[in-house]
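Peer 1: Count along the sequence shown starting at 1, add 79, and that's the number in the numbering used here.
Hints listed in this document are in silico derivations from the structure and should not be mistaken for laboratory results.
The structure presented is a predicted model; accordingly, all values stated were derived computationally and were not measured.
Take the hints with a grain of salt, since some may be wrong.
As the list claims (entries may be wrong) - Derived DEER-like restraints, expressed as beta-carbon distance ranges:
{"#": "1", "residue 1": "G450", "residue 2": "Q318", "range": "44 to 54 angstroms"}
{"#": "2", "residue 1": "A234", "residue 2": "A257", "range": "34 to 44 angstroms"}
{"#": "3", "residue 1": "R114", "residue 2": "N285", "range": "40 to 50 angstroms"}
{"#": "4", "residue 1": "L279", "residue 2": "E410", "range": "17 to 27 angstroms"}
{"#": "5", "residue 1": "S404", "residue 2": "L279", "range": "18 to 28 angstroms"}
{"#": "6", "residue 1": "D256", "residue 2": "E405", "range": "37 to 47 angstroms"}
{"#": "7", "residue 1": "G109", "residue 2": "S407", "range": "46 to 56 angstroms"}
{"#": "8", "residue 1": "A125", "residue 2": "E405", "range": "48 to 58 angstroms"}
{"#": "9", "residue 1": "E405", "residue 2": "R114", "range": "52 to 62 angstroms"}
{"#": "10", "residue 1": "V454", "residue 2": "P143", "range": "24 to 34 angstroms"}
{"#": "11", "residue 1": "E405", "residue 2": "K316", "range": "20 to 30 angstroms"}
{"#": "12", "residue 1": "N101", "residue 2": "Q144", "range": "13 to 23 angstroms"}
{"#": "13", "residue 1": "R112", "residue 2": "P308", "range": "53 to 63 angstroms"}
To be verified - Pairs of lysine-lysine, BS3-like flavour, derived with a Cα cap of 30 angstroms:
{"#": "14", "residue 1": "K175", "residue 2": "K281"}
{"#": "15", "residue 1": "K128", "residue 2": "K453"}
{"#": "16", "residue 1": "K341", "residue 2": "K264"}
{"#": "17", "residue 1": "K341", "residue 2": "K316"}
{"#": "18", "residue 1": "K115", "residue 2": "K176"}
{"#": "19", "residue 1": "K292", "residue 2": "K464"}
{"#": "20", "residue 1": "K115", "residue 2": "K175"}
{"#": "21", "residue 1": "K397", "residue 2": "K264"}
{"#": "22", "residue 1": "K281", "residue 2": "K464"}
{"#": "23", "residue 1": "K464", "residue 2": "K176"}
{"#": "24", "residue 1": "K397", "residue 2": "K464"}
{"#": "25", "residue 1": "K176", "residue 2": "K128"}
Where a beta carbon is used, it is the ideal one built from N, C-alpha and C, also for glycine.
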Amino acid sequence: MKSLFARFRVLGHALDSFWHRNRCLLNVRGYWRYRKWKQQQCWVLAADKPLVIFDFSDSLIDGPQGRRFYTLFMFFVRAGYFPVLVDNYRFLSTIKKRHKAFCLDESFALSPAKRKTHLPYVLVTDFARPRLFTKHVNAEQKVVQLDFRSDYSPAEEGFPMPFPMFSGIYRSGQDSDALLSNLRKQKRDWSVFFGGDAALGKYSKNTIVDIYKKIPRATALACLRENLPSEFWVEPKSQPELEANMQLGVDGVLCVSTRYCKLAVHDWLNTVARTRFFLALPGVRYPMSHNLIEAMAVGTVPITEYPELFFPSLQHGKNCLVYSSEQSLVEVVQQANVMTEGEWAELASGAVEYYQQYLHPVTTIERLLHGENKVVRLRLLPFLKAGGGFA
Numbered sequence: 080m081k082s083l084f085a086r087f088r089v090l091g092h093a094l095d096s097f098w099h100r101n102r103c104l105l106n107v108r109g110y111w112r113y114r115k116w117k118q119q120q121c122w123v124l125a126a127d128k129p130l131v132i133f134d135f136s137d138s139l140i141d142g143p144q145g146r147r148f149y150t151l152f153m154f155f156v157r158a159g160y161f162p163v164l165v166d167n168y169r170f171l172s173t174i175k176k177r178h179k180a181f182c183l184d185e186s187f188a189l190s191p192a193k194r195k196t197h198l199p200y201v202l203v204t205d206f207a208r209p210r211l212f213t214k215h216v217n218a219e220q221k222v223v224q225l226d227f228r229s230d231y232s233p234a235e236e237g238f239p240m241p242f243p244m245f246s247g248i249y250r251s252g253q254d255s256d257a258l259l260s261n262l263r264k265q266k267r268d269w270s271v272f273f274g275g276d277a278a279l280g281k282y283s284k285n286t287i288v289d290i291y292k293k294i295p296r297a298t299a300l301a302c303l304r305e306n307l308p309s310e311f312w313v314e315p316k317s318q319p320e321l322e323a324n325m326q327l328g329v330d331g332v333l334c335v336s337t338r339y340c341k342l343a344v345h346d347w348l349n350t351v352a353r354t355r356f357f358l359a360l361p362g363v364r365y366p367m368s369h370n371l372i373e374a375m376a377v378g379t380v381p382i383t384e385y386p387e388l389f390f391p392s393l394q395h396g397k398n399c400l401v402y403s404s405e406q407s408l409v410e411v412v413q414q415a416n417v418m419t420e421g422e423w424a425e426l427a428s429g430a431v432e433y434y435q436q437y438l439h440p441v442t443t444i445e446r447l448l449h450g451e452n453k454v455v456r457l458r459l460l461p462f463l464k465a466g467g468g469f470a
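Start from the sequences, fold in the hints, and give me the full structure.
Peer 2: Structure (structure tokens):
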């Protein structure tokens with residue numbers, strides 16, 4: 080019965096995904112708005128930058144609220160590429176929606192599908208057989224073909240796309256090397272910090288337990304509330320209470336739930352950089368969440384249960400602290416709370432080194448395009464397991 084239910088759930092999601100990717104074809108007004116937008120674009124390329132051409136068949140690449148395409152787009156922008164979007168209504172009908180709309184903040188060109196160019200470029204596509212510029216294939220430096228499959232193994236062919244920071248961080252430029260460098264030097268006022276949504280129903284999904292074998296976020300927080308000494312647990316219930324605590328040093332865990340308090344996107348990294356350790360608890364349907372990457376970027380050591388979902392894996396005692404049960408979660412948090420400055424600084428250095436080598440947009444694109452192979456398969460969702468979330 081459980082297996083049958085899971086199959087119906089997957090089928091239901093597939094149908095829902097098909098509808099969302101193709102409903103634009105029935106939206107006459109949306110199509111004419113798109114045509115009007117398209118007429119306002121021009122074919123002007125940046126003469127001093129290499130091109131990256133995005134050619135997609137539909138909006139599957141968007142991911143949740145357009146985040147996945149925006150991340151891929153911005154990684155190439157950060158690496159010095161000038162983006163070109165190929166005219167395809169099924170793909171670009173969502174260009175003004177949610178996180179995907181952030182692409183409009185950047186300089187880019189819109190290209191007709193049959194336009195030809197002799198300029199060197201990288202082609203990023205979801206087509207099994209690239210359809211663009213076939214007469215000028217020698218101009219291509221690389222073809223990056225997207226692979227949406229789950230259950231990635233490092234032994235398989237393909238480059239694992241790293242999980243990104245939140246879109247708003249890239250949009251506001253908070254990921255710049257200069258800003259991150261300054262944040263890494265910031266005074267650390269708190270021992271352990273958690274910030275984010277923690278609603279019981281939303282963050283206690285069965286997929287986290289059944290598919291990934293992890294402790295859901297709501298369960299992990301409840302465990303710490305019950306088992307840590309009360310003086311080591313600070314959980315503000317209002318904005319004034321949060322602001323009062325932020326003026327003080329917290330010797331223990333500062334737990335900030337967005338159900339009670341708000342932390343502005345423009346101040347998020349600065350807040351994370353004020354703590355030595357970050358509780359990087361699982362997300363809604365799969366463990367990965369943006370805040371672990373954000374923590375490592377500013378030299379805050381993550382406390383996590385899913386090190387194996389990074390490629391290469393994070394390592395306990397080198398760039399993170401790892402727990403595997405409710406008991407070990409409590410023990411690891413207590414360990415973090417009494418760790419010496421020197422011990423923490425060594426871990427923080429390891430976290431920054433990992434971010435710079437494997438999560439930074441520029442080094443990610445360099446590693447993606449490195450090598451002699453002309454065609455590179457990009458595993459967009461390497462952290463995903465079958466049945467544990469969707470593309």
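Peer 1: Quick check: which numbered hints come out false for this structure?
Peer 2: none
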